[in-house]
Amino acid sequence: MKKLEGKAWKFGADIDTDAIIPARYLNTSDPAELAKHCMEDADPAFPAKVQPGDIIVADKNFGCGSSREHAPIAIKAAGVSCVVAATFARIFYRNAFNIGLLIFESPEAAAGIAEGDRVAVDVESGVITNLTRGEEYRATAVPPFMQQIIAAGGLINYVAERVKK
Amino acid sequence: MPMTITEKILADHAGKDMVKPGELINVRVDLALGNDITAPVAIREFERIGVATVWDRDRVALVPDHFVPNKDIKSAEQAKMLKEFARKHQLTNYFEVGRMGIEHCLLPEQGLVGPGDLVIGADSHTCTYGGLGAFSTGVGSTDLAAAMALGETWLKVPESIKFIYKGELKPWVSGKDLILHTIGDIGVDGALYQAMEFTGPVIEALDMDGRLTMCNMAVEAGAKNGIIAPDEITRRYVEGRAKREYVFYNSDSDAAYAAVYEYDVSQIEPQIAFPHLPSNTRPVSQSTGVSLDQVVIGSCTNGRMEDLRVAAGLLKGRKISDQVRLIVIPGTQEIYLQAMREGLIEIFINAGGAFSTPTCGPCLGGHMGILAPGEKCLATTNRNFVGRMGHPESEVYLASPAVAAASAVLGRIAHPEEVA
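First to last, the protein sequences are chains A and B.
Numbering-wise (the numbering used here), the first sequence opens with residue 1 and increments by one.
Numbering-wise (the numbering used here), the second sequence opens with residue 1 and increments by one.
Rather than coming from a laboratory, the hints here were simulated on the basis of the structure.
From the three backbone atoms N, C-alpha and C, an ideal C-beta is built for every residue, glycine too.
Possibly wrong hints are sitting among the right ones.
DEER-style ranges, computed between Cβ atoms [to be verified]: (1) 43(A) with 291(B): 27 to 35 Å; (2) 318(B) with 116(A): 36 to 44 Å; (3) 83(B) with 124(A): 15 to 23 Å; (4) 138(A) with 98(B): 53 to 61 Å.
Computed footprint of chain A on chain B; a stretch qualifies when at least three of its residues, placed anywhere within it, have a C-beta under 8 Å from a C-beta of chain A [unchecked claim]: (5) 26-33; (6) 355-369.
Can you build the whole structure from these sequences, using the hints too?
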């Protein structure tokens with residue numbers, strides 16, 4: 001069973017996609033380039049300090065605003081293992097599943113986790129463990145159809161399988 | 001079982017008699033749309049699927065509009081990907097600079113979207129077409145890629161929220177003010193995953209440009225779509241434009257809503273959304289202390305003919321403040337031409353403003369009006385997030401074209417009646 005573990009970086013409510021990846025960098029869709037500016041307008045130091053496996057934890061409506069898939073691509077390419085938020089904006093939610101960025105909706109976790117906490121996430125069960133505080137939270141269950149997309153390795157692989165049949 | 005207009009359109013496109021909120025459905029898509037930022041990613045993903053070509057070359061629209069006319073070499077490379085893909089797959093609806101417009105102004109104008117359609121676009125403001133009585137929603141590039149291959153997509157049926165607008169509009173209050181007021185009331189996630197259905201006598205009397213403006217900003221409340229029941233105003237707009245057959249759907253009178261909001265518009269004055277959220281609204285009378293460096297009139301929200309007419313009406317025979325740059329951007333080439341015929345461009349230029357070719361440009365901080373640290377801009381656009389129009393320490397205030405024109409004259413946020 002896949003388990004993620006990393007340090008939590010905490011963000012507030014309504015983090016928009018312009019904060020995640022400003023449009024001034026959207027003249028490219030190269031993941032490595034986008035990663036260099038990930039979360040820059042929310043925290044300019046973030047791209048320098050984030051380590052592979054780290055976890056973004058945010059309050060409600062994470063990823064609101066534009067439909068740019070560059071936002072989850074930047075987060076994934078920055079090495080972030082998953083995003084935990086109280087709620088996600090609609091298009092960001094779809095995009096994350098489609099490109100294979102793991103996201104977990106959990107208001108309790110968003111409230112309970114502080115910046116710098118060590119956090120472990122059990123991908124299948126959606127159990128989020130705060131190793132620093134010894135607390136456990138549950139993520140909202142993912143609909144079975146979206147689990148199929150994840151299992152296929154993203155929407156394109158899922159569609160490619162369908163097209164072959 | 002009674003259904004809302006959104007549910008009826010989704011049910012028909014899913015080949016079902018009925019659908020219920022929360023249900024996951026596979027739907028037929030009438031048109032799939034991408035732009036110069038989102039389509040390059042979609043094209044790369046499309047090529048991994050393993051199909052020879054798109055599902056229907058008449059139903060994939062590519063509109064380079066964000067960074068065009070190309071602002072730099074990288075943007076040129078992205079736009080070139082669209083052109084080459086359009087050529088390779090013989091897409092009928094590719095729009096080159098000179099023939100293009102801002103996607104959400106262009107597609108309704110060209111009759112490429114119509115009432116009863118189901119449209120997905122890799123641009124969050126795709127929800128605009130709800131103004132025509134269509135279901136339309138923004139998706140990401142990968143969803144667009146899948147739709148380009150299959151002609152279908154999956155959706156979760158949203159709950160609907162009904163917004164009823166009653167009473168008499170005060171002078172200078174427009175569709176933009178109604179939607180800003182509504183977002184200010186319910187918040188930037190007030191309609192998360194839901195459909196916003198705009199109804200009531202005020203909406204029934206609102207012109208098509210105002211309806212498109214309102215539905216355009218539904219996404220700023222987190223909504224999946226905004227929608228307005230089609231009527232005579234809709235019929236007049238689509239007649240002579242529609243390239244395909246269209247269907248008028250209406251909500252059943254006993255359809256179920258997750259919530260109902262009712263507004264007495266006679267209490268609403270022109271609205272300003274302060275930095276850095278579209279929900280951070282105040283009446284203009286409480287906002288007049290803010291001095292400005294730039295005013296932008298345009299975008300998929302307010303770059304239509306009626307918007308330019310209202311702004312020009314206020315600027316006619318006047319000069320804008322020495323403190324301010326005014327940038328006016330028509331939504332399409334047709335709007336550009338019409339503005340020229342009506343003498344509006346001359347009014348903007350004589351007032352001291354700049355008039356540009358159609359582009360999303362400054363709205364998303366792309367080009368054609370980027371802000372320096374500390375600069376403040378009042379714009380008729382749709383977002384005022386940190387860094388949206390340039391430097392992270394710049395500020396964007398959202399308002400209607402009338403407020404924008406008056407503010408350009410006085411060099412500070414102003415009520416239109418101050419200059420009218």
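Does the structure break any of the earlier hints, and which numbers would those be?
The structure breaks hints 2, 3 and 5; every other hint is satisfied.
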